[in-house]
Amino acid sequence: MDDQTRMMTGLTGLGGLAQADVGDPDSVRKQQSLGQPQQDIGDILQQIMAITDESLDEAQARKHALNCHRMKPALFSVLCEIKEKTVLSIRGVQEEDPPDPQIMRLDNMLLAEGVSGPEKGGGSAAAAAAAAAAGGSPTDSSIEHSDYRAKLAQIRQIYHSELEKYEQACSEFTNHVMNLLREQSRTRPISPKEIERMVAIIHRKFSSIQMQLKQSTCEAVMILRSRFLDARRKRRNFNKQATEVLNEYFYSHLSNPYPSEEAKEELAKKCGITVSQVSNWFGNKRIRYKKNIGKFQEEANLYAVKTAVDAANVSAQASQANSPATPNSGNKYLILSGQGRVKADI
DNA sequence: CTCGATGATTCACC
DNA sequence: GGTGAATCATCGAG
1 MDDQTRMMTG LTGLGGLAQA DVGDPDSVRK QQSLGQPQQD IGDILQQIMA
51 ITDESLDEAQ ARKHALNCHR MKPALFSVLC EIKEKTVLSI RGVQEEDPPD
101 PQIMRLDNML LAEGVSGPEK GGGSAAAAAA AAAAGGSPTD SSIEHSDYRA
151 KLAQIRQIYH SELEKYEQAC SEFTNHVMNL LREQSRTRPI SPKEIERMVA
201 IIHRKFSSIQ MQLKQSTCEA VMILRSRFLD ARRKRRNFNK QATEVLNEYF
251 YSHLSNPYPS EEAKEELAKK CGITVSQVSN WFGNKRIRYK KNIGKFQEEA
301 NLYAVKTAVD AANVSAQASQ ANSPATPNSG NKYLILSGQG RVKADI
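Residues in the first sequence are numbered consecutively from 1, following full-length UniProt numbering.
Among the clues, some could well be false.
Taking lysine to any residue pairs in the SDA-like style, the calculated list, with each CA pair at most 25 Å apart, reads [unchecked claim]:
| # | residue 1 | residue 2 |
| --- | --- | --- |
| 1 | 306 | 280 |
| 2 | 72 | 83 |
| 3 | 269 | 284 |
| 4 | 270 | 211 |
| 5 | 165 | 198 |
| 6 | 72 | 165 |
| 7 | 83 | 69 |
So the derived label-pair ranges between C-beta atoms look like this [said to hold, decoys possible]:
| # | residue 1 | residue 2 | range |
| --- | --- | --- | --- |
| 8 | 236 | 177 | 37 to 43 Å |
| 9 | 70 | 162 | 48 to 54 Å |
| 10 | 287 | 310 | 26 to 32 Å |
| 11 | 105 | 160 | 49 to 55 Å |
Just so you know, the hints here were simulated from the structure itself, not pulled from any lab data. For every residue, glycine included, the Cβ atom is placed at its ideal position computed from N, Cα and C.
Could you build all of it, start to finish, from the sequences and the hints given here?
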């Protein structure tokens, strides 16, 4: 049985709105058996037009009568089916939504920053990690840390309250629409499936709003990070001991002040800084030394003497232990070497 | 506040 | 990728 025939069958069952000229003697018999008068199209239209003239109570009464009609569920399901096959099939295709990569990125970032994750730990961990990356010692930046955490908590709170508001609004609106559609389904063909689809559409709309919220939260976090944890802004001079260690190495290797990866790691460990900070330091030192050797000469000699003394101490200890002395390769040369030679080396 | 020092970043080059 | 050079941003002494 095709849709058309099915619909006709349903319509005849409703009697009052049935067509008389279908040409089906069986349907006529059914109508007559129901005690309904035969009607033509003109009569039906007349009835429809008359509805607008009816009072609200009359209309409600008719609506109720229609709803109570024993064939109503059959007609309803047929109409739903037809609607499903025509209107909904057109837009049904693109409604399957795969997880949005953008939303996933935002979620990941918010989780990493401790905004959307569990209440405790995340934010401070992120702050600590960022501070460690910036090379700050734990004590000198603790004030900034608490400040950062406070601001992050603020962002977090705003994010969650907004999210909650959106979710509440979404569920309220969904309920409202569902009730509306259920109510309307008493008079027009709206299947539960269609209501479900409508709910999905609403949820998508609200999730796009949520994405905007997530986006702006991410932006806020990024701004906060750059303001509080940007390494350049939070530059701290290395402590005296670290600078001494670096200078000692630099001046004792003046002929080739390019520490190997191993040497950098060693220096980083000694100074309590990162390998990249060691690289930065040597990069800056080389270029600044080269630019103004005269200015650094005093410093160079100072460290040369210092390393010479250290080497002498070491060799003294070594000779005490009956070992041949192994003088430091760089320092003696440095004292004797002229500025020109050093310049040529660098 | 000024200014030199200094650690970090960026970009071009090899 | 490591380096040189220029530059930025901050520190800290005066």
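Measuring from beta carbon to beta carbon, are residue 236 and residue 177 in 37 to 43 Å?
For residue 236 and residue 177 the Cβ distance comes to about 57 Å; the hint is violated.
Does the structure keep residue 72 and residue 165 at a Cα separation of 25 Å or less?
violated (41 Å)
Whether the CB-CB distance between residue 105 and residue 160 falls inside 49 to 55 Å:
Taking Cβ atoms as reference, residue 105 and residue 160 lie about 20 Å apart, which means the hint is violated.
Assess, step by step, whether the Cα of residue 270 is no farther than 25 Å from the Cα of residue 211, and give holds or violated.
violated (47 Å)
Pairwise hint evaluation, residue 198 against residue 165, where the allowed Cα distance is 25 Å at most
The given pair, whose Cα atoms are some 21 Å apart, holds under the 25 Å limit.
Is the Cα-Cα distance between residue 269 and residue 284 25 Å or less?
holds (19 Å)
Does residue 83 pair with residue 69 here, judged by a C-alpha cut-off of 25 Å?
holds (21 Å)
Tell me if the beta carbons of residue 70 and residue 162 are separated by a distance inside 48 to 54 Å.
Given range 48 to 54 Å: holds, Cβ gap about 51 Å.
If you draw a straight line from the CA of residue 306 to the CA of residue 280, is it 25 Å or shorter?
Answer holds: residue 306 to residue 280 is near 24 Å, not above 25 Å.
Verdict for residue 287, residue 310 (Cβ pair) under range 26 to 32 Å:
holds (27 Å)
Would you mind confirming whether the straight-line C-alpha gap from residue 72 to residue 83 stays at or under 25 Å?
holds (16 Å)
In the structure shown, a violation is registered for the earlier hints numbered 4, 6, 8 and 11, in ascending order.
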